[in-house]
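Student: Sequence:
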Amino acid sequence: MRIATLVVAIAALAVAAHAATPAKTPARPSGLFDVRDPASLITLLKTMDAKAEVARTEAAAVFLNVTTPGGDFGAQYVDCDAKGKACRALIFSTAFSAKGVTLKQINDFNKGQVACRAFLSDDGKPNLAYATLVNLRMTAEEVKQHVGVWQGCLGSFGAFTKKVGD
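Using our numbering, the letters of the sequence shown map in sequence onto residues 80 to 245.
These are computed hints drawn from the structure, not numbers from a lab. Nothing here was measured: the structure is a model prediction, and the numbers come from that model. Be aware that one or more of the hints could be misleading.
Simulated DEER-style distance windows between Cβ atoms [unchecked claim]:
1. K241 - L215: 34 to 44 Å
2. A118 - K178: 15 to 25 Å
3. L212 - E137: 11 to 21 Å
4. K183 - L215: 36 to 46 Å
List time: in silico DMTMM-like cross-link candidates among lysine to aspartate or glutamate, alpha-carbon distance up to 25 Å [unchecked claim]:
5. K190 - D113
6. K130 - E220
7. K241 - D160
8. K125 - D187
9. K130 - D187
10. K204 - E220
Idealized CB from N, CA, C, for every residue including glycine.
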């Protein structure tokens, strides 16, 4: 009986020790999509008939200029490592040229939105932004969905600024 108890105790300790060992994160094979790296987004946007290029890099941030058949916008990576990679968030943004949009109208627009936010810049131009956290597990298809949400935001805000600008 004592031997059986001892065997069970040793087996339990072995299982507990294995469970307490931190899991090793598998190395990501080179060549796979990593949205945390601005170069991956630039490559992905090419497949979507868009062009993106790095405009500038600042401490922990990388700014892109994006040109699409539907218009231009900016992309900003934030909380990046020292090499401008392994970023933690991505923001799409643009300014619209509509004149006379008020803060109340911007607030009314925001009340009906879930994904994107509008604001007035210091010069009074209406701006639009969409942000998402990024991580190593995100696939190219998921990032395309985020770009699609951004395109929907652009369409909604374009219609809004056209309506309030009249």
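Student: Could you run down the list of hints and mark each one as holding or not?
Tutor: We went through each hint and held it up to the structure:
no., hint, verdict
1, K241 - L215: 34 to 44 Å, "40 Å, holds"
2, A118 - K178: 15 to 25 Å, "37 Å, violated"
3, L212 - E137: 11 to 21 Å, "20 Å, holds"
4, K183 - L215: 36 to 46 Å, "42 Å, holds"
5, K190 - D113, "33 Å, violated"
6, K130 - E220, "18 Å, holds"
7, K241 - D160, "40 Å, violated"
8, K125 - D187, "35 Å, violated"
9, K130 - D187, "33 Å, violated"
10, K204 - E220, "33 Å, violated"
When held up to the earlier numbered hints, the structure conflicts with 2, 5, 7, 8, 9 and 10 and fits the remainder.
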